[in-house]
Structures are given as structure tokens and as C-alpha cells.
Amino acid sequence: MRALHTAATGMIAQELNVQVISNNIANMRTTGYKRQRAEFQDLIYEHVSRIGTQTSTQGNILPVGIDLGGGVRTAGTPRVMTPGTVMPTGKDLDVAIRGDGFFKILMPDGTFAYSRDGSFEMDAQGRIVTAKGNVVQPGITIPTNASAVTINAQGQVSATVPGSTTPTVLGQLTLTRFVNQAGLLSIGDNLFTETPASGTAQDGTANSDGYGDLLQANLEMANVEAVTEISDLIAAQRAYEMNAKVITATDQMLSATSNMMR
Amino acid sequence: MENTLLIGLSRQIALQRELDVVANNVANMNTTGYKADGAIFEEYLMPTAQAAGFQGADRRVSYVQDRATWRDFGSGPIRPTGNPLDVAIDGDAFFVVQTPRGERYTRNGAFQINAQGELVTNTGDRVVGDGGPIQFQTTDNSISINPDGTITAREGSNSRNDSARGKLRLVRFDNVQQLQKDSTTLFSAPAGAAPQEAGTRARVKQGSIEQSNVHSVIEMSRMIEVTRTYTQITAMMQQFSDLRRSAVEKLAEVPA
Chain E
1 MRALHTAATG MIAQELNVQV ISNNIANMRT TGYKRQRAEF QDLIYEHVSR IGTQTSTQGN
61 ILPVGIDLGG GVRTAGTPRV MTPGTVMPTG KDLDVAIRGD GFFKILMPDG TFAYSRDGSF
121 EMDAQGRIVT AKGNVVQPGI TIPTNASAVT INAQGQVSAT VPGSTTPTVL GQLTLTRFVN
181 QAGLLSIGDN LFTETPASGT AQDGTANSDG YGDLLQANLE MANVEAVTEI SDLIAAQRAY
241 EMNAKVITAT DQMLSATSNM MR
Chain P
263 MENTLLIGLS RQIALQRELD VVANNVANMN TTGYKADGAI FEEYLMPTAQ AAGFQGADRR
323 VSYVQDRATW RDFGSGPIRP TGNPLDVAID GDAFFVVQTP RGERYTRNGA FQINAQGELV
383 TNTGDRVVGD GGPIQFQTTD NSISINPDGT ITAREGSNSR NDSARGKLRL VRFDNVQQLQ
443 KDSTTLFSAP AGAAPQEAGT RARVKQGSIE QSNVHSVIEM SRMIEVTRTY TQITAMMQQF
503 SDLRRSAVEK LAEVPA
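The listed protein sequences derive, respectively, from chains E and P. Under this note's numbering, think of the first position of the first sequence as 1, with each following residue one higher. Under this note's numbering, think of the first position of the second sequence as 263, with each following residue one higher.
In case anyone wonders, no lab produced these hints; they're calculated from the structure. The beta-carbon is built from N, C-alpha and C at its ideal position, and this holds for glycine as well. Check each hint, because a few of them may be wrong.
If you anchor each label on the Cβ, the simulated ranges turn out as follows [unchecked claim]: (1) P/393 to E/47: 29 to 35 Å; (2) P/503 to E/244: 30 to 36 Å; (3) P/268 to E/18: 42 to 48 Å; (4) E/46 to P/453: 18 to 24 Å; (5) P/406 to E/30: 52 to 58 Å; (6) E/164 to P/341: 37 to 43 Å; (7) E/126 to P/393: 52 to 58 Å; (8) E/46 to P/362: 25 to 31 Å; (9) E/258 to P/393: 57 to 63 Å.
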């Protein structure tokens, strides 16, 4: 019976759904994390009797047919790129983006990655780097003796050096945006890379041309909502159970058949 | 003579088909834009013997056969996702999708953008707008989709004005039951069922998707009904088989 396999595809799909949800919940407190959603599609149909088949020589046709479906498959797990809540942290080099855009980060292999996680640090040379030590573009160096580092809404980084009363502008952080943010590829460490689906990276400056503005001493939290995830989890678990019930029902019917002959 | 068995068999086959339909609905409980199926059965009257020599006419025997699967085109719950490329239809209409096999129709509005900047479904088939595929520029941002399906975007250099990127084509059918399922939540229209423009009958909602319209309680109760009926039929066939066996044994008992 087909129902056995159909229900099995349903169980596989719900298992994956739970996996996606559990990853969302695990990253509930990850800075700049964007939740994922599992997307499903139905499988091919067997047209046991096809709509529009001629049923008589008078040209009568079947108005409805018999279509038996084969189950479900996972179409994808797109990310939901809604903004997360912004939390004040009080740390100078924590930056949150309010609006569109990603920080551009130089990877050790020379390629660029993009992130919404603005929890930056200063390395031994005074450069602004991510928690993993990768340089945030365009590579701004803060003099070791500087104090009072400020990052304004446009992304301008300035600091006061000894002997000067006015702050010196050290550089401006680059923001990048994409046509289809959901098409970015996640590579872990809160980083994304460009893909054909995301479109090409468009560099710009914060607070202009529709790019978001920056908020110093704040961080963007994950956009995972506990209530949504838990209700999704319940729905997925119930769906899994119901698919299992279908398998039990099929099994009962098959065993009734096999017990018919005594 | 074997009519009881054959009638039972026809019912069992029909029930197995019905369970297949239920299983597919349950498997697609979380599929975006999925429409539930149902099975319709009909009576099939066995033609009787036509010979004139019988004392009484043959009794007509009726079998059951599955005639059709129908589709519940009621709309599923609309769920906000926050993704600008997710679109749900509010009303009686379908999106038009260009596939290699021809034009297809869908209620699944979880769209993406492909490498050429075109709006596609999540299997990569182009979504059809009023003037062909909907094309975005690489510098576009802030895509917005209006209730009437008009798509606008802001170009990177010009952040003040929205420029039009096309309009989603929404179509409807006089008889939606004629549509055939074509996997990946697409429907195909048979020859003669021409789509009509939906006009004001439907609106779209950006940032939402339409979930599956499968009602789990109904599917579960149908499943219980199917299994119980199946067991009953099996018991009936078994009783008939016992009856026949004892008849054979009794009749063959030759008095010594």
C-alpha cells in the first residue's frame, strides 16, 4: 500500500522540521542570528484516471479524475531576515544595524563574508575585528593611546588621541546589502556569503541611500521568538505523530488482509 | 457464487485508495499552499445475465468503485513570515508559474530570486507577471508588493523613488475542480479550462504565506473510519468463507 511510504515521507519531513526548529531555539541568544523556516512541497501524483478522458463516443469527458499523491518533500530552509531586538550593552565596539545592511568582513582566504553581528573587538594592532579576529571592512585601526572611541549613525569611527581636544575621524564602516537577503548562504560564526540567489553585494554607507543606521554600544539579538518556535515545535510533533498513526492504520489493514485466510 | 467475496474486495480496494489519499494529506499537513484531497466513491452495477431461460431474473450486484478525487480549495490559514518575497493570496485566485512543461498555477507564494534576478518559486520556476517574468536589478532593495500584486523596488542609487518591477498575474477558473495536481504544489489546467484574470476578486498579502488547508482532526477521523470499515469487510469476508467451508464439509458428508 502506498499510504505506508506516503506517511514515511511525512515523518521524514517533520523530523527535518524539528531539526530546523531546534537549531532556532539553540540560537535564541546568538547575536545577529536569523531564524530558518522549513518549506515543504507535495510529491508527484499518480493519475489513476485522468481528467478530461473521453468516456463515450458522444464526446463526454470525465469532469474529475483520480489523483493519488506520493507524499511530501522539503523544498528548502530559507532564512527569515526580519530585524531582531536591539539590546544596549554599554561596550564601545558593539554596533547594531537599525535597518537594511550587513557588516562586510574580510576572511582569512581573502574573500568577503557578511554579518549582522556587530560585537567587535580590537586586535593587537588596534584594528577593529570580529570575535574570530577577522578584519571588519574597510579595516580601521584605532591608535593604542586613543581614548573615547565613538561610532556614529553613519558608521564614522572617531577617537580622541592625547594632546588633542577634538576627536579624530579614523574611518567609516562599510555596509553591504543584497536584493534577496534570504538567498545568502550561512557559513557559521554568524556569517553569510554571497550566492547567485542573493544577488551581488552592494557596498554603501550607513544612514544613506536606504541603508540602515548604526547604533553604538548596542547589539542586535536573534530574531527567534520563543512562542513561535514552541508552537511550531508542537505542530511539528503532532504532525509527526499523525503520520505515525497513518502507518499504524495501514499496518492494521494489511494484517487484517493477511489474517483473512485461515 | 463468489459475489460476496468480490463485493468485499471492491470495497477493500476503494478503502486502500482512500487511505492513500488520507496519508498524502497528513504528509502534507505543513506544506505551503497545499490543498487537501478527498475521495469520491460510486456504485457500480454489475450487468445481469440476459438469458430468457431463467425462472427468476438475476439480482443485480453492486460493487463500489472510486470515481474521483476532489480537492478542497478552501483557503488555508495565512501566516505572517516577515520575508518580503513571501506572498499569500486572499481570495479565489492562483499565481501563474512558467515551468518547462508549460504554464502551471499555484497558491504557494514562497518566492525567491534567481541568479538572473527573476522572481522564481522555490523550485526555480519563473513567476509570471503581466508582462512576462518579473525582473529585478542587482541594486534593488526594499521590495514591496501591493495588495493588487504590483511590485516595486528601490534602486540603490535612487533611494527616493520606487520603480515598478511588474505586476503578479492572478488568475481564476470557473471550475477549479478541473485543475489537476502537478506536484510541488503546482496545478495544471486541462485543455479547455482557460484561466481568467482574477481582477478585484483577489488581493495579495506580502510577508505572509498560505499554509496547508488540511484539517488534522478530519483526516484522523477519516483514517479511523477507513481502518474500521476495512476490518469489518474483512470479518464479513471471513464469515462468508467459513460458511462456505462448512457447507462444503456438511454437504460432502456421505452417510455410511
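Taking the hints in turn, this is what the structure says about them:
{"no.": "1", "hint": "P/393 to E/47: 29 to 35 Å", "verdict": "33 Å, holds"}
{"no.": "2", "hint": "P/503 to E/244: 30 to 36 Å", "verdict": "32 Å, holds"}
{"no.": "3", "hint": "P/268 to E/18: 42 to 48 Å", "verdict": "45 Å, holds"}
{"no.": "4", "hint": "E/46 to P/453: 18 to 24 Å", "verdict": "21 Å, holds"}
{"no.": "5", "hint": "P/406 to E/30: 52 to 58 Å", "verdict": "29 Å, violated"}
{"no.": "6", "hint": "E/164 to P/341: 37 to 43 Å", "verdict": "56 Å, violated"}
{"no.": "7", "hint": "E/126 to P/393: 52 to 58 Å", "verdict": "54 Å, holds"}
{"no.": "8", "hint": "E/46 to P/362: 25 to 31 Å", "verdict": "21 Å, violated"}
{"no.": "9", "hint": "E/258 to P/393: 57 to 63 Å", "verdict": "60 Å, holds"}
The structure fails hints 5, 6 and 8 (numbered hints given earlier, in ascending order).
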